[in-house]
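Go ahead and model the full structure; you've got the sequences and the hints to work with.
If you read the sequences in order, they're chains A and B. Residue numbering for the first sequence follows our numbering, beginning at 1 and increasing consecutively. Residue numbering for the second sequence follows our numbering, beginning at 1 and increasing consecutively.
One or more hints might be untrue.
[Said to hold, decoys possible] Looking from chain A toward chain B, a few residues come up when the C-beta cut is under 10 Å (computed):
| no. | residue |
| --- | --- |
| 1 | Ala1 |
| 2 | Lys3 |
| 3 | Ile4 |
| 4 | Gly43 |
| 5 | Phe47 |
| 6 | Ala93 |
| 7 | Thr106 |
| 8 | Gly107 |
Keep in mind that the hints were calculated from the coordinates and are not lab data. Idealized CB from N, CA, C, for every residue including glycine.
Single-letter residue listing:
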Amino acid sequence: AQKITQTQPGMFVQEKEAVTLDCTYDTSDPSYGLFWYKQPSSGEMIFLIYQGSYDQQNATEGRYSLNFQKARKSANLVISASQLGDSAMYFCAMREGTGNQFYFGTGTSLTVIP
Amino acid sequence: ETGVTQTPRHLVMGMTNKKSLKCEQHLGHNAMYWYKQSAKKPLELMFVYSLEERVENNSVPSRFSPECPNSSHLFLHLHTLQPEDSALYLCASSQEVVQRRYGYTFGSGTRLTVV
Chain A
1 AQKITQTQPG MFVQEKEAVT LDCTYDTSDP SYGLFWYKQP SSGEMIFLIY QGSYDQQNAT
61 EGRYSLNFQK ARKSANLVIS ASQLGDSAMY FCAMREGTGN QFYFGTGTSL TVIP
Chain B
1 ETGVTQTPRH LVMGMTNKKS LKCEQHLGHN AMYWYKQSAK KPLELMFVYS LEERVENNSV
61 PSRFSPECPN SSHLFLHLHT LQPEDSALYL CASSQEVVQR RYGYTFGSGT RLTVV
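Next comes the structure, spelled out in structure tokens:
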């Protein structure tokens, strides 16, 4: 079974609008961390936001926020006020316990339309 | 400029060639990773080095050979590759498991094409 599932291969959003990118995860470890990365066409993976399994509040970083629904095992990324520079691939990832390995989803390609 | 530098950015090699990918970080991290990124597939972890020792090798074919001479450098030696090995190879680094809140720092990757 996949550890991370991203069901949206591609998404479009109008500039200045908000967009939600979906991510569900699968783990039996009570301690885990969830991450979102952005990969522009240059190839570099850029860390955006982190949510710990024991965190009481949803994480926020500037225009990025994470809608964490633990019972549903979902960790959706919300980007507010989309900008043209937000066009990229977005990957959800999970780290279980104290392990070094990250599990990645297949990614969502976001295109911001002017 | 990312804190993790990968060279070369692009590489085209024949199936009988031998080449090496290089990764360098000066972030003070003590764990380094090689990932393979193929189209429409999740990133695949290939190797993990922690404190310069290999701690994970996820059933990677022997035609890929990693080397970590010190905590700042990581190599991936390639020989007799197959066309299906064409992919983006990403290097990443991190602090050891203590700081779980922080994700990896990735390089920009090497786009490898095997002809």
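Can Ala93 (chain A) be said to touch chain B, with a Cβ gap under 10 Å? Since the shortest Cβ distance to chain B is 7 Å, the answer is holds.
Minimum Cβ distance from Lys3 (chain A) to chain B below 10 Å? Since chain B brings a Cβ to about 9 Å from Lys3 (chain A), closer than 10 Å, the hint holds.
Given Gly43 (chain A) as an interface hint, is its Cβ closer than 10 Å to any Cβ of chain B? Nearest chain B Cβ about 4 Å off; hint holds.
Should the hint that Gly107 (chain A) touches chain B count as held when the rule is a Cβ pair under 10 Å? holds, 8 Å
So, as I understand it, the hint says Phe47 (chain A) touches chain B; can you test that by seeing if any CB pair is closer than 10 Å? Holds. Min distance 4 Å.
Less than 10 Å between beta-carbons is the criterion; does Ala1 (chain A) satisfy it with respect to chain B? violated, 13 Å
Hey, does the Ile4 (chain A) contact hint survive, CB to chain B under 10 Å? At about 7 Å, which falls below the 10 Å cut-off, the nearest Cβ of chain B leaves the hint on Ile4 (chain A) intact, so it holds.
Status of the Thr106 (chain A) interface restraint (C-beta, 10 Å, chain B): Holds. Min distance 5 Å.
Going through the hint list in order, the structure does not satisfy hint 1, though it satisfies all others.
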